[in-house]
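K.L.:
Chains A and B supply the protein sequences, listed in that same order. Counting in the UniProt record's numbering, the first sequence tops out at residue 283, every number present. Counting in the UniProt record's numbering, the second sequence tops out at residue 321, every number present.
Derived from the structure by calculation, the hints contain no laboratory data.
Straight line, CA to CA, 20 Å or less: simulated PhoX-like cross-link-like pairs of lysine-lysine:
no., chain 1, residue 1, chain 2, residue 2
1, A, Lys108, B, Lys30
2, B, Lys210, A, Lys270
3, B, Lys229, B, Lys126
4, B, Lys240, B, Lys210
5, B, Lys240, B, Lys126
6, B, Lys229, B, Lys240
7, A, Lys17, B, Lys126
8, B, Lys126, B, Lys210
Computed Cβ-Cβ distance ranges for the label pairs, DEER-style:
no., chain 1, residue 1, chain 2, residue 2, range
9, A, Arg170, B, Ser181, 47 to 57 Å
10, A, Arg170, B, Asp223, 40 to 50 Å
11, B, Lys126, A, Leu78, 45 to 55 Å
12, A, Ser227, B, Val107, 37 to 47 Å
13, A, Ser227, B, Arg36, 42 to 52 Å
14, A, Pro77, B, Val310, 43 to 53 Å
15, B, Ala211, A, Ser140, 42 to 52 Å
Chain A is nowhere near these chain B residues, computed Cβ spacing over 10 Å in every case:
no., residue
16, Phe80
17, Arg100
18, Phe112
19, Leu170
20, His217
Using N, Cα and C, we set each Cβ at its ideal position, and we do this for glycine too.
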Amino acid sequence: MTAVAPAPVVRRNGMEKRRQRTLTIVLAVISLFTVAPLIAVVVLALSPENAPTLPYAIPKELTFENIIRVLNVGEFPLWLWNSFIYSAVSVVIVLLTASMAAYAFARKRFPGRNALLWAIIATLMVPVQATLIPTFIMISRMGGVDTLWGLILPTLANAQAIFLIHQFIRDMPEELFDAARIDGAGEWRTFWQIVLPLIRPVLATLAIFVFLWHWNDLLWPLVVGQSDAAKTLTVGLATLNTETASTSSVMAATLISFIPCLVIFALLQKHIVASITHSGVKG
Amino acid sequence: MSVNTSLRSAPTRRESPTTPPQPTPTPTPKRNLARRREAIAGILFVLPTLVIFGLFKFLPIFGAGAMSLTEYSLNGDVEFLGADNYARLARDPNFWQSLRVTLLYVVIFVPFIIAVSLAGAVLLDKLVRFTGTFRALLFIPYLSSFVMAGIIWTWIFSTDGPLNAALGALGLGPVPFTSGSQWLVLASLALVSVWKGFGYSMLIFLAGLKAQPAEVHEAARIDGAGAWKSFLYVTLPLLKPVVFFVLVIETIIGFQVFDTIYVMTGGGPARASHSLIYFLFDEGFKFFDFGYASAVGVVLFVIVLILSLVQQRFFEGKDSK
Numbered sequence: 001m002t003a004v005a006p007a008p009v010v011r012r013n014g015m016e017k018r019r020q021r022t023l024t025i026v027l028a029v030i031s032l033f034t035v036a037p038l039i040a041v042v043v044l045a046l047s048p049e050n051a052p053t054l055p056y057a058i059p060k061e062l063t064f065e066n067i068i069r070v071l072n073v074g075e076f077p078l079w080l081w082n083s084f085i086y087s088a089v090s091v092v093i094v095l096l097t098a099s100m101a102a103y104a105f106a107r108k109r110f111p112g113r114n115a116l117l118w119a120i121i122a123t124l125m126v127p128v129q130a131t132l133i134p135t136f137i138m139i140s141r142m143g144g145v146d147t148l149w150g151l152i153l154p155t156l157a158n159a160q161a162i163f164l165i166h167q168f169i170r171d172m173p174e175e176l177f178d179a180a181r182i183d184g185a186g187e188w189r190t191f192w193q194i195v196l197p198l199i200r201p202v203l204a205t206l207a208i209f210v211f212l213w214h215w216n217d218l219l220w221p222l223v224v225g226q227s228d229a230a231k232t233l234t235v236g237l238a239t240l241n242t243e244t245a246s247t248s249s250v251m252a253a254t255l256i257s258f259i260p261c262l263v264i265f266a267l268l269q270k271h272i273v274a275s276i277t278h279s280g281v282k283g
Numbered sequence: 001m002s003v004n005t006s007l008r009s010a011p012t013r014r015e016s017p018t019t020p021p022q023p024t025p026t027p028t029p030k031r032n033l034a035r036r037r038e039a040i041a042g043i044l045f046v047l048p049t050l051v052i053f054g055l056f057k058f059l060p061i062f063g064a065g066a067m068s069l070t071e072y073s074l075n076g077d078v079e080f081l082g083a084d085n086y087a088r089l090a091r092d093p094n095f096w097q098s099l100r101v102t103l104l105y106v107v108i109f110v111p112f113i114i115a116v117s118l119a120g121a122v123l124l125d126k127l128v129r130f131t132g133t134f135r136a137l138l139f140i141p142y143l144s145s146f147v148m149a150g151i152i153w154t155w156i157f158s159t160d161g162p163l164n165a166a167l168g169a170l171g172l173g174p175v176p177f178t179s180g181s182q183w184l185v186l187a188s189l190a191l192v193s194v195w196k197g198f199g200y201s202m203l204i205f206l207a208g209l210k211a212q213p214a215e216v217h218e219a220a221r222i223d224g225a226g227a228w229k230s231f232l233y234v235t236l237p238l239l240k241p242v243v244f245f246v247l248v249i250e251t252i253i254g255f256q257v258f259d260t261i262y263v264m265t266g267g268g269p270a271r272a273s274h275s276l277i278y279f280l281f282d283e284g285f286k287f288f289d290f291g292y293a294s295a296v297g298v299v300l301f302v303i304v305l306i307l308s309l310v311q312q313r314f315f316e317g318k319d320s321k
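For reference, chain A alone in the conformation it holds in the complex (with noise of 0.2 Å):
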């Protein structure tokens, strides 16, 4: 092969080098139909109020006006902090409860264990929508409509969590385990200060699953959040948009929705895509 080779490989980067240019342009246009609609957001909501927004103009200033008036107009503000509260309390405690059982599962024998975690993993199998009846009836019987816990309760019983943490805890060495035995760690310790330290990069990549998740969720916030007082941000921007807010102000509160969710990636990007790429978490 090392004899044929030369001369192909000559003509090949002259060929290579016109094909590179050419995937380049083919990825350029493709990224305009992810980007541009970004851009727009980010143009509209920084023009002025009154700026004309279709078909489209590019105006001739920006402003942080409809930023700042949508941040503080109405229940704007209630709506970004219910979402957040939604997001981050749901992620530390389905972190910490799937972390627990995945260790179990992983490493204890315990009657029943395969079953339960069989039985979990087949919930993954049932769409979110079919239960949504039930379970609105009996959140709602707990006096759970319009409230945080009622919107947070029933998404922590997450069945992917549980499985990539405990495939993560399956595949650590038994000696590890033995060591801290032998050390007269209890089982508490044992799982703090060894296994959760050992499952932060799984850890870190659901944190930033389950965030997107809650934060980009609409039909149960939709269902229990149904005045004011536990709307979501997404379900206030539906609302947001059938109403006869100005193009700039629906804009506004898009672009700011959007901003924690490019934050975490701009932070966590190699993480994202290794875990998709690795374990295809489910989206």
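Assemble chain B onto chain A, guided by the hints.
P.N.:
Same frame as chain A, now just chain B:
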């Protein structure tokens, strides 16, 4: 604390708990003790999850099945109906309309998103420079919510919006993206979901492509296969399990379409985009017909289940040939 007490009262162990452990000829009691201690620890660690899943997953799953057999009214009155709700669904033209809408949507959405994400992955895989930048640019919409995507694209699609302005410049009349024929409206909605979601599938495809052995492609090239032939006869067959995985995921996502419809068309025009979940939402939270809405949920579950099983069978059958 409770762990220790229960262990102390273990009938097999006679000596005082303060006695240092001694090597005994019969290790059974000690092993039993360790076993039991392990089991108790395991159960305690699983307990919070067990409570959460019991209340908010398992109970609603059985609840959905049970409620679908009843007339369940807002004030909590329950009347057992048997299969009446399902018979009513079978007779309800609006239900069949929603089912048809959803199937049409899936038929448009799934090939669309697979094509775009596969194309993106293949191009990214061949790219040498700026890979990370382009990957990020293509992935970014995935971070947005369907609500946000719906709001942006409502603006883009509007009669005097930028897309129609561009089409007008080409001499094409205003296209009623979200108010025209059913195919057009569903395709427009699918486009929004593809825009929002393809980055995720693209990354899965990309991982699949990176995992392929380079030698196989080298061999194909030496055999004189062009880029297209090499993709069709080497890359794609090797990628089949990944394609299958993405196909299942995206089909299930397609069947659950709701957010974009809620924001963009409200199920219209004239129920042209009134999907299955929209039907469920209306029956449950507009008409408060909880039993009937639960029956729709059960139908959705059965569809999703059958679909994954059929696809799995189909692909396994092809593999064994």
